[in-house]
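Asks: Kindly generate the complete structure, drawing on both the sequences and the hints.
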Amino acid sequence: MIIDHPLLGPRDSAEFTYMGDARLIERPSPDSPDAAAAFYDYAYLRDNPAGWHRELWFHEAGDRSWLVVTRNTVTHEISKVEFASDVARAKGRSK
Amino acid sequence: MTQKNRIAGGQIDRNTTCKFTFDGRTYAGHAGDTLASALLANGVRLMGRSFKYHRPRGPMTASSDEPNALVHLRSGARTEPNTRATTTELFDGLTATSQNRLGSLSFDLLAVNDRLSTFLTAGFYYKTFMWPAAFWEKVYEPIIRRAAGLGTLSFEDDPDVYDKGFLHCDLLIIGAGPAGLMAALTAARSGAEVILADEDFRMGGRLNSETYTIDDAAGADWAAATVSELANMPNVRLLSRTTVIGAFDHGIYGAVERVSDHIATPDAGKPRQILWRIYTQKTILAAGAIERPIAFNNNDRPGIMTASALRSYANRFGVAVNKRTAIFTNDDDGHRTATDLHAKGVKVIVIDPRADAPRARDYEVLAGAQVVDTMGRLGLTFAKVCLADGTERIIECGALGTSGGWNPNVHLTCHQRGRPVWNDALAAFVPDDLPAGMTVAGAAKGDMSTAGALAGGAQAAHSALELKGRLPAIPQAEDAPVNITPFWYVEGASRAWVDQQNDVTVKDVKLSHQEGFRSVEHLKRYTTLGMGTDQGKTANMGGLAIMAELAGKTIPEVGTTMFRPPYTPVAIGAFGGRHRGQDFHPKRLTPSHKWAEEQGAVFVEVGNWMRAQWFPRKDETTWRESVDREVLATRKSVGVCDVTTLGKVDVQGADAADFLNLIYCNGFAKLPVGKARYGLMLREDGIAMDDGTAARMAEDHFVVTTTTANALSVYRHMEFVRQCLVPDLDVQLISTTESWAQYAVAGPNARRVLEKIVDQDISNAAFSFMACANITVCGGLRARLFRISFSGELAFEIAVPTAYGDALIRRIMTAGAEFDITPYGTEALGVMRIEKGHATGNELNGTTTAANLGMGRMVSDKKDSIGSVLSRREGLNRADDLRAVGIKPIDPTQPVPAGAHLMISDGPVDAAHDQGYVTSACYSPNLGHHIALAFLKNGEGRIGETMRLVSPLTDIDVQVEICSAHFIDPKGERLRA
Amino acid sequence: MRYSGLRVIKEALSGHKGWTPAWREPDPAAHYDIVIIGGGGHGLATAHYLAKEFGQARVAVIEKGWIGGGNVGRNTTIIRSNYLLDGNEPFYEMSLKLWEGLEQDLNYNAMVSQRGILNLIHSDGQRDAFIRRGNAMILNGADADLLSTADIKKRYPFLKTHDARFPIKGGLAQHRGGTVRHDAVAWGYARSADQRGVEIIQNCEVTGFRIEGGVCKGVETSRGFIGAGKVGCAVAGNSSRLMSLANMRLPIESHVLQAFVSEGLKPVLPGVITFGAGHFYCSQSDKGGLVFGGDIDGYNSYAQRGNLPTVEDVCEGAMAIFPMLGRARLLRMWGGIMDMSMDGSPIIDKTHIDGLYFNGGWCYGGFKATPASGFAFAHLLAKDTPHPTAAAYRFDRFEKGLMIDEKGMGNQPNLH
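Chains as they are written, first to last, in this note's numbering: chain A, 1 to 95; chain B, 1 to 977; chain C, 1 to 416.
The set of hints was computed from the structure by calculation and includes no laboratory data. Any given hint could turn out to be false.
To be verified - Which chain A residues face chain C? A few, computed with CB under 8 Å, are given here:
hint, residue
1, Met-1
2, Pro-10
3, Arg-11
4, Ala-14
5, Pro-30
6, Ser-32
7, Tyr-44
8, Leu-45
9, Asp-47
10, Trp-52
11, His-53
12, Thr-75
13, Phe-83
Unchecked claim - BS3-like cross-link-like pairs, simulated, lysine-lysine; straight-line CA separation at most 27 Å:
hint, chain 1, residue 1, chain 2, residue 2
14, B, Lys-553, C, Lys-64
15, B, Lys-636, B, Lys-347
16, B, Lys-553, C, Lys-407
Said to hold, decoys possible - Covered by chain B, according to a simulated footprint, are these stretches of chain C (three or more residues, beta-carbon under 8 Å):
hint, region
17, 8 to 14
18, 111 to 123
19, 322 to 336
20, 388 to 402
Even for Gly, the Cβ is constructed at its ideal location relative to N, Cα and C.
Replies: Here you go:
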């Protein structure tokens, strides 16, 4: 597969390390009263769709950026590649 | 040595004679021959034995879809089993032997299976060999295993080299027949970067095997001229002898170039084969079509082959397989073979089941007739034909060409789950759902005429590259329509082969249906149809058609053929490339490696690192002697060890301390500048991930160390936290593992050694336990010094830029000479850390919590850190949880080995009563007995308890005492000295 | 119809006219006591044991395609019980014992071949871990044997033990491990279940669950509604998709695992070997093909195909220890979808919906588990209590912190 890195252009997926569901960006607050349940859900439950999936890839043999790749798990078509840090900011993870 | 079947014409080089042997007999052929064509030229039709019944077989094709003519090519370590004689390029000195036989090829004792074939029908083995149960492994299976399989490996290491490479292009064209060549010409003239790959050693595809003309030239000549035009264009790369084996995601194609398979041994420095990964935007599949046979009784005798193969042998290779040849065809294309062969002086007769079969002036055509049987034990002698009027006629012939129509070669279109669709006019599947970026042209698409292929190729290139302007002029060529009446098998046959390699007959397909195995997948798995080395390229359609008829369905309703990569089998060596033997993985060498080699160190693999394991002296005969000496010398005076392999991460930025507070379960916010602290990282699931130290070199600068094994994954995790969880913290990370050479200098005299090297004051007052600093050594070289100790001794770790690592170890050794400084390896390192009770990978095994490690109190609940919430789950905080403890044998001569399990002293020994296990063990030369670290249920409360340590795997059962994990200097006085 | 050597001879002499279909092709009834979704190895085994061991005959297995078309027909056929942890080892040992009696139980020769499995050791740390594991196996009543390099050299003289990037320092063998003809497992269970009254309904895809008042009443299918007292799901590779129809999210990600087979060769490898310093394991089928594989491709996938980097990685492992394979040819590669769980261990449990039961998350270890999985799932479906050997395979173990993590890789499925 080829991942079109936002800065570096198309790169072979073999340069990357995969982690999984991009929802891992949305780490719950440890202070909330239901933190235990929220962390269980965060750490363990997955939608695991057959179709479009937003997922985290790390450019291990490249610029070491974490990317959020939107990929179809049936066809492997990739529709979007973003920096995970941008996605994280958009999710309100700025300080 | 007469080539009695050699006729005029063809593209062989008659001036170059190649001598070769087959089963020890010497023959001659010509350059441009294949092994099969050369053998046929010499009158040899019998080339192999079938898989199950050991039926005598000759080539069925002249191409890579060959099921029958499989041989051992070459000899010795270069023996290649299952090599298709039909694609093996002849070279002088080639040796080949037949395979899958017991006895000689013409007298194979295993042919007894053929006599027993009534019993050995599809799936018979599922119904028997069950009694008595123990007989399967002992009796039945060994017999079956010996009989099964085709060729044999040499049992020697492959002596050849394989390479891998990457290629990039705008357009990849697969197949250099008329469609591929025309596509290449169109694309290349536009300036696009083009790769044209063809599995054959001569480009041109079917043009080389036909008598067609293109414009005014012979087809083969037009092909040669086109290839030479392409070869002169800088933007074209021609890859002959190159099979595109698979269409992978996002326009990545795998291809194998057989660089040296056409010569006796690879030239010096040259690989045998190259695996290319071709990255392309667009692809044109122009892989042609494959003629399929017709099944009839005894349709497998040597001499029976596809009609197009007969044509190839005659037109391309100048071989008339036999001067008397019959053609059995259900389509007009078969008649071409008759025409061509007749023109070459062969006596031809055509059997065509169609009542309206075309007539011929020059030879006999039996319309409405069918071949119902054949004769000839080791090669065809007669065919029995049932004529239209029901009478039978025996025809003397040594070759019989069958044509059941052509299947577009859809293989590569199916690699990404695409399914072909049925085309009634062709009575074949044609490509439909294609991998992204692929188009299909020529016969592979179903355009069966030469004119169609030429036009289709040009058109495909034109649209794939989105070229403007008019299509190039298409040369004139034949444009005959396809005229076919589907005809799959002759009724009433007792033994009509559908899959010749795996010996699947029409009856087997019928039995499969009878027993409920009716889907294409069940059919294939139950009968083994299409599971041979040819992936059923010539067989699958016939099987499907018969199943469809039995089920009263159409062929597409029964299923479609399924193809998986690779297109043709690929040497495993080609996929392995250079990654074999010592080059399997790269070796990472520490900065002191060269010096350690000079000292005669024994090295050990630690991941990809090579680390000194111990430094034997001449008088030492066992590793234990060396290790004990290194440990004792270090604890007595001073030792030095290369610890460069530990991961190092530089953490910088105003928020660096906050970041580490999140990464580590214990607190780092208040760590003063100039101090280091032990840190434990948890995974988000609350399990210990890694440990190490973080040293605060400045307010906004930390140096973090990780274990050797986790250097990569911890760094990745830290970047995840930084980029994904706290993207706006002012913190930057970089891995500096390879930038700094780092040595541990440990032992009571460590300071005195380093004082001779370090430019600053490192007295206990100035540089106390856990101090860290940027320093200089040797009069100005920048360095880092950490007063941290893994051994439990007074110890420092000193780091210099890697380029100075070799110099520094030599300097340390010189400075330490007066103290008898002793280099120590990973074994002594391990002994000392066990003596001190430090955890490492054996303890941080991915299932242990901070509490298990005895560090439960380190998990701060005053701050958020990765893993803290889930570490509080009930299952990770049970009263009888495992705790790290020390173990010593009651009888000091006994070992306490790692991997042994702890049991209650007088209790039962079984899994239900398991109390824990030993993680790390060693002989402690300081204590004079073995010691170990272990995890024990409720371990804290069991110090002093006598337990039983068992290792039934290694026959060990000893009484041990549970003790503190800190065997040496439990109060930590040495390291603070 | 009972299969036997005598029967084969009799049928051969009478033109094979007497063979009957291995299973019927019934239309679905309106209601069954138990409906199993998934006609793969686990579903069919569940049906067999429900009928044979738990007296349940009103059972249907519904399969969206053809039985045996999923992972039971796509794996590398290895059986073993060489597990470390208490939650796993007794279960897999039960499975191995069921394999040992399978053919007599089913009257079907699935070619259970206890040719032995050997895990190679390349480092001292690995040896420590394997000794701990071998001891755990023995303490659980299984067999294990620690082999020296010399022992290994005797059985596999062509292995690169010394002149290698990662020399072989020994191995942990389980001599009772081995291989089984995978397709035959599905067919054998199907035939046996069918003969005991189970209805196997092929080409019947579940499109939804009918859940009323928190109780599952049956399944909506492409062939209409089928009522059920209990519904058991055993659809490896499709667990998340299926259970999402009941609005469930699972601790599972689906990944592709590739497998490979070489051209047929005369006997090369007597047993099963796994390389401990790379991703490569291999055995040789009775037909002669070397059956081998390595690691999963590593990204979520429902496409039953893999990509080149993994193929190369596996073959590099092969060439590292087994360089005579250079001239053997890889014939075919394919992929299966693995439901990778969050701790690498499976789930056999009730769901929060009454009457709906789940069996899944087998990662790439499902084939060897087939008999025990079927037995334990049948036990759960019939008795509503977990089988003792499968008692740890609960949904709530993640919430409670009771993970069964053999590899210690944590909640990242692609690392298991």
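Asks: Determine for every hint whether it applies to the structure shown.
Replies: Consistency of the hints with the structure:
no. : hint                      : result
1   : Met-1                     : 6 Å, holds
2   : Pro-10                    : 15 Å, violated
3   : Arg-11                    : 13 Å, violated
4   : Ala-14                    : 4 Å, holds
5   : Pro-30                    : 16 Å, violated
6   : Ser-32                    : 16 Å, violated
7   : Tyr-44                    : 4 Å, holds
8   : Leu-45                    : 4 Å, holds
9   : Asp-47                    : 6 Å, holds
10  : Trp-52                    : 11 Å, violated
11  : His-53                    : 6 Å, holds
12  : Thr-75                    : 7 Å, holds
13  : Phe-83                    : 19 Å, violated
14  : Lys-553(B) <-> Lys-64(C)  : 20 Å, holds
15  : Lys-636(B) <-> Lys-347(B) : 99 Å, violated
16  : Lys-553(B) <-> Lys-407(C) : 50 Å, violated
17  : 8 to 14                   : holds (count 4)
18  : 111 to 123                : holds (count 7)
19  : 322 to 336                : holds (count 12)
20  : 388 to 402                : holds (count 5)
Hints 2, 3, 5, 6, 10, 13, 15, 16, counting from the list given before, are not met by this structure.
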